[in-house]
Amino acid sequence: MIIIDSKLCKGCDICINVCPKKVYSKSDRVNAKNVYLPFPENEEGCTKCGLCELSCPDQAIYVGKEVE
Amino acid sequence: MVEEKVSPYRKYLREERLPHLFCPGCGNGTVMNAFFKGLEQSDIDFEDIVMVSGIGCSSRVPGYVKCDSLHTTHGRALTFATGLKLGNPDLDVVVFTGDGDSASIGGNHLINAARRNVDLTVICINNNIYGMTGGQISPTSPRGSFGTTAPYGSRENPFRIAEIVGAAGASYVARWTTAHPMQLAKAIQKGLNSTGFSFIEAVSQCPTYYGRKNKLKTTIDLYNHIKEHTITKRKAEKMDVTELQDKIIVGDFENPRRGALCKALKELTEEVSGGPLATKSAYEELD
Amino acid sequence: MVEEQFVLGNEACALGAIAAGCRFFAGYPITPSTEIAEKMSYLLPKYGGTFIQMEDEIASIGTIIGASWSGLKTMTATSGPGISLMQENIGYGFITETPMVIVNVQRGSPSTAQPTMSAQADMMQVRWGSHGDYEPIALAPSSVQEFFDFTIEAFNLAEKYRLPVTILADEVVGHMREKLIIPDKVNIVTRTRPELTDDYLPFDAPENGTTPMPAFGEGYNIHVTGLTHDKRGYPDTNNPETHHNLIKRLCDKVLANRADICSIKKEFCDDADIIIVSCGSPYRSVGAAIKMAREEGIKVGSLKINTPWPFPEEEIKSIANDVDNIIVPEMNLGQMVHEVERVVAGKANVHLIGKIGGVLHKPEEILEKIKEIHEGEC
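Chains as they are written, first to last, in the working numbering: chain A, 1 to 68; chain B, 1001 to 1287; chain C, 2001 to 2378.
Hints in this document: simulated from the structure, not taken from any laboratory.
Just so you know, these numbers come straight off a predicted model, no measurement behind them.
Some hints could be false.
25 Å max Cα-Cα, derived SDA-like pairs, lysine to any residue [unchecked claim]:
id	chain 1	residue 1	chain 2	residue 2
1	B	K1280	C	P2212
2	A	K22	B	V1272
3	A	K21	B	G1107
4	B	K1066	C	P2045
5	B	K1217	A	C49
6	B	K1280	C	T2192
7	A	K7	B	L1013
8	A	K26	B	L1216
9	B	K1266	C	P2045
10	C	K2046	B	V1272
11	B	K1011	C	Y2200
One side only, chain B facing chain A, incomplete, derived with CB under 10 Å [unchecked claim]:
id	residue
12	E1016
13	P1019
14	C1023
15	P1024
16	G1025
17	G1029
18	K1037
19	M1182
20	T1219
21	P1276
The beta-carbon is built from N, C-alpha and C at its ideal position, and this holds for glycine as well.
Can you make the complete structure from the sequences, with help from the hints?
Here's what the structure looks like:
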């Protein structure tokens, strides 16, 4: 399950841009700093490759380990 | 133990200091993650890592990492790191620096540290601009790029830092970008595993200043700009200088396997004194 | 066993450093301090220590700060242009409370000026050279023996108060050969590790004091920064209270301990009408001048300042109660004399004998001033 830490996300959209499976889209939900958070709209497409976790500059994404 | 459902890189960070001060979209956090990933895959234990940095945005990275960290003066991080490493060669010393810190004010220390091949792993986050002071051009700013001190576009030629460090004699040199975090992590892993001076240049985005000043309005515009201007070293070798002018050449550079400094100095001490290095002797009574 | 040697002042400094437990030296060649680096490069490997010649003086001081945090006692030595280059990182040493010893073998200045000649023109630079508020400790040797003894004392003070300590030598003591007595045992201050508790605060020091210093890589996980920092060591740069408390403590740990740090030597002062206040090399001419003056019936005494910083205010104040005239011979155009005047605050006349050019005051030059004052008083 993908979890976005709304306290740490700064809304840079890098996760939306890097995901090879286009899992993320921009949501209309804002955090306390008025940042529009990403939303794993297409979560079933996620292969848990970890690129979004690795790319997220704010350590705000949890994807979990690849399932064997 | 129940797995905490947070980013796998959070366990290395000083939780009480988050969120960090980097601007939205800044690549520093990505390079941090790549460092942790490279570290996990390397032969080095996180417990043995100590970090050193100079001044600038990239130099704020060590302050967020749960290890001993020395945040020093502008340009001088490598000198402090040299002292830490030679003082106690058991430490794995990692330096975070930037383009201004390492190649401008610290340029002489950079080439001399590479010449000595002192056993450090240096991660240079190159965002082509001075971010901390508000967007002035740096020694890596491309010719024609804009900054607050280049309102008409820079008329100077930029440095290619990784090539300079390779020429100066470092054991391991690589360049990747924040748009290649997997390869960047791999390069950091190699750098940590090799003896001598390892230098990994991470070309990164500064959306707040570089992007805004250079008509790359969003983080994604700048991120994609970096990605599109990247070319592998192998391809670059077949191209001429003019074709390569605006290209970011990525890959591994020099690896001449020259003698590393720590081993040489350890041997010197053992030869002359017949004993080991007097590490941590400030805490000991002398005979 | 006590050992006697006939050595250069700069060599005595290196021998003192080794005796004090210094096991790391980084430096850059510069006249007239170079023999210290040369001697350290020879001695350190014999004692398990490390010597490195750096690319410049900025690198040298950065490197000894790094090595200090690795758990070693560290030193660098330089002169004029080199000490100017080091100023920024000296300030870093104060704000991060890093023990280290800096030897400044003073030469004719400003700029490159007189590499092989002596001067005392950096008396104020050591006090104010780096930007900001701080209180330095400096010791000024006047002989080869003192260069050895004061180097040991410099290391002890650096460890005790966790700060950079400067040895303000000059070309005369650096390049002179004299007998050196090396005792078989010297008192040295060793570092102690802090207790590592769950709520360990690396910069939580008592008022007017300091706190034990950990070494890197032992699990303390401390953050050391030149930015204004809180008790955890974390940057807190926009909080006026944090800055005030930090800088005030760093200054007070020296000022509140003046009695422990300050060192002077008084001779022939009990019956004196005139006292000569000297520091470093010029002291060497004071004894002869006093002897000549007393032969002519003029009662002159001497107060030698061993620690120009912190300035020994109480000691100078007290002689102003006893005599009407104070003579200050300095190898500059007047630096320490302003401190003497400030402290004396008009209670005595203060006479400068400022001499530049690189040659020490002759006893006759001091005698001349003594006679001039004496005749004026009669």
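Now the hints, each set against the structure:
{"no.": "1", "hint": "B/K1280 to C/P2212", "result": "14 Å, holds"}
{"no.": "2", "hint": "A/K22 to B/V1272", "result": "63 Å, violated"}
{"no.": "3", "hint": "A/K21 to B/G1107", "result": "42 Å, violated"}
{"no.": "4", "hint": "B/K1066 to C/P2045", "result": "34 Å, violated"}
{"no.": "5", "hint": "B/K1217 to A/C49", "result": "29 Å, violated"}
{"no.": "6", "hint": "B/K1280 to C/T2192", "result": "11 Å, holds"}
{"no.": "7", "hint": "A/K7 to B/L1013", "result": "15 Å, holds"}
{"no.": "8", "hint": "A/K26 to B/L1216", "result": "20 Å, holds"}
{"no.": "9", "hint": "B/K1266 to C/P2045", "result": "9 Å, holds"}
{"no.": "10", "hint": "C/K2046 to B/V1272", "result": "5 Å, holds"}
{"no.": "11", "hint": "B/K1011 to C/Y2200", "result": "20 Å, holds"}
{"no.": "12", "hint": "E1016", "result": "13 Å, violated"}
{"no.": "13", "hint": "P1019", "result": "5 Å, holds"}
{"no.": "14", "hint": "C1023", "result": "8 Å, holds"}
{"no.": "15", "hint": "P1024", "result": "4 Å, holds"}
{"no.": "16", "hint": "G1025", "result": "4 Å, holds"}
{"no.": "17", "hint": "G1029", "result": "3 Å, holds"}
{"no.": "18", "hint": "K1037", "result": "6 Å, holds"}
{"no.": "19", "hint": "M1182", "result": "7 Å, holds"}
{"no.": "20", "hint": "T1219", "result": "5 Å, holds"}
{"no.": "21", "hint": "P1276", "result": "40 Å, violated"}
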